[in-house]
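Following the hints, position chain B against chain A.
So you can see what is in the structure, the chains are spelled out below.
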Amino acid sequence: MLALVLSLVTPCAAPQEPPADGLDVAALAAWREHLAPRAEEQRWREIPWRQTIGEGLRDAATAARPMLLWLMNGHPLGCT
Amino acid sequence: MVGRRSVWSDARVIAASASFVPAADEVWRLQQNDDPECRWFRSAVRGAPDAVAGSMQGTYVLTTDGELLGRINSANPEHVLKMLDGALSKWRSLNRERPRATAPIITLPDHRWEDSYPSDGLALERFARDVNGPATDAPSRPVNQDAVWFAAGELPGFVPSSGNVGAVRDVAPGLIERLTRFAFVDNVRGQTLPFSSKAVRVAELKSEVTAVNEKVWTLRLWGRTTAETDGSDPGEAYWKSNRAWPRSLSTNIIGEARWDATRERFLSFELVAIGARKGRTTFNGRHREQNAAPHGIGFFLKIAPRDHRVAPTYINLYGAAWVKMPE
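Chains A and B, in that order, give the protein sequences. Here the working numbering is used: position 43 in the first sequence is 950, and no number is missing along the way. Here the working numbering is used: position 63 in the second sequence is 1389, and no number is missing along the way.
Where hints are given, some of them may not hold.
Derived coverage of chain A by chain B (criterion: at least 3 residues anywhere in the stretch with Cβ under 8 Å from a Cβ of chain B; other residues may be distant) [said to hold, decoys possible]: (1) 948-959; (2) 964-973; (3) 976-987.
As a list, the in silico SDA-like pairs of lysine to any residue whose alpha-carbon atoms are at most 25 Å apart [claimed, not checked]: (4) B:K1416 - A:E962; (5) B:K1408 - A:R950; (6) B:K1408 - A:I954; (7) B:K1416 - A:D966; (8) B:K1566 - A:N980.
Worth flagging that the hints you see were computed from the coordinates, not collected in a lab. A virtual CB, placed ideally from N, CA and C, is assigned to each residue, including glycine.
Excised from the complex, chain A in its bound form:
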């Protein structure tokens, strides 16, 4: 199956027309479905994360609650 995938990136002439190698608009929906995260892969987004420590501190002060702070190399809500 890898051969199929690799065939999609075989060097070809400059794309004056939409590619005729299987990656066309009709394939867009199928690949979108394949690549987009599934619901179970997005459960962490159910938590109402503030996106910076500053927002967390501000809202924790307002809510009179402690701040739960998750830190990673690379933003935990982005590429980490």
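Just chain B now, kept in the frame of chain A:
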């Protein structure tokens, strides 16, 4: 990234988080920078504001006046739950003596990359997975994400100049180069390096008007990219590898978008890029692979929810005037 799958997708942890104000941030800046926010964090956690080497990754519970109630670096939800329970007990104990939280005595930093969020531009979220077969196969795991931003003034570079069906243009080179260097990178399993400008071999994207409905143009996008490096060029990223990692990544791209020609904004924008990659970098989790062999990879980009404003990993390398750089 493993924490998203293991800890923060656990129903018990999600429920426990409701007792706190959850926040997430990038740790390197907090360890190294000298602004009041970063010094506040280091003082709260370590008792001193000095910059910290190594890594302070993990989960913390802090009061707004700088008391550390709990700390753990674990991908085990049981362990994190135990820490959260303990921190909450401490908080309740504190609150008997000090019923109101005090406002944090810090000032916001002078610079964050999120300050450059293109409110009237195009903020895309980008997902990446390994691809081992046809689209109808079950997707491989994991999936990782990042962002790609374009300012409002850059958007016409995606759009043919006339709203006639069949009008075609080459997307502005800087825009497809941004995707090639910073979005089409192998961070499926973890952080990687961007491609330098010298590594770009092919960066082509075309845009064609396929339908017009009053002032809304439907566009089809297609193209291809190749970036390749022997790893000897250290590139422009903050973090430099101490080894040369030869690597390449090629894609074919297909996409669709709807352009509001009156407001000069995209109403929708979706791209799929399917390709092959070779090689690895230090931290991207490919150390068990045959580096010389090609592996399938796929990317999906779409407009991000408006409340998701985490900056693209390599925004500091965009070289665009609209990106606010640190003083």
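Hint check results:
no.	hint	verdict
1	948-959	holds (count 10)
2	964-973	holds (count 9)
3	976-987	holds (count 12)
4	B:K1416 - A:E962	23 Å, holds
5	B:K1408 - A:R950	20 Å, holds
6	B:K1408 - A:I954	18 Å, holds
7	B:K1416 - A:D966	20 Å, holds
8	B:K1566 - A:N980	15 Å, holds
In summary, the structure agrees with every hint in the numbered list given earlier.
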